[in-house]
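There are 2 protein chains.
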Amino acid sequence: MLSLNELQEKMEALPEWSIAGNAIEKIFSFKTFKDSLAFANKVGTLAESLNHHPEITISYTNVKLVLTTHSERGVTLKDIELAKEIDKIEND
Amino acid sequence: MLSLNELQEKMEALPEWSIAGNAIEKIFSFKTFKDSLAFANKVGTLAESLNHHPEITISYTNVKLVLTTHSERGVTLKDIELAKEIDKIEND
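So the sequence lines, in the order shown, correspond to chains A and B. Just so it is clear: in the first sequence, position 43 is 43 by the numbering used here, and no numbers are missing. Numbers in the numbering used here are just positions in the second sequence, counted from 1, shifted up by 100.
Don't read these hints as lab results, they were simulated from the structure. Among the clues, some could well be false.
Unchecked claim - With the Cβ distance kept under 7 Å, some of the chain A side facing chain B (calculated, not the full set):
#, residue
1, L37
2, S49
3, L50
4, H53
Each residue gets a CB set at the ideal place from its N, CA and C atoms; glycine is no exception.
Using the sequences provided together with the hints, build the complete structure.
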């Protein structure tokens, strides 16, 4: 698990993500529910390929992602890496 | 919006759903994350066809659905109908 100092340093590369408890999270907004679902599927495919799965909440045109590493009860480099990859696919 | 009495009567046909605040919810469990995502997609397709969209939270092998009618700030017959249709596709 990253220390708070380490985490805050890593978060500089993820300005749209925020620390929430033992996780990092970001809300993505889309034009339609279909767009939300399509994004959730892209995130799901990525998560499977990395074998690291965020919590995905689809609320109509918003998708909230919450990333944490359960086995470490906190945020690790796996979460930082996944967040960076997700940001890349946001507007694919 | 349904009255609490009306809602409780309707819930008799939905024994695995529970009332939570101004909504009804149910958690579905699957074997794999892929199964969770596939179910979320089936629910999404159904929601689009009914133009009534639940909140869908995918947490690895669990999918939580929260149904409410925002315009009425509570549970309506649209939610009851959607819950029944979702139960039908759960094991498709």
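Against the structure, the hints:
no. : hint : verdict
1   : L37  : 4 Å, holds
2   : S49  : 12 Å, violated
3   : L50  : 12 Å, violated
4   : H53  : 5 Å, holds
The earlier numbered hints that this structure contradicts are 2, 3.
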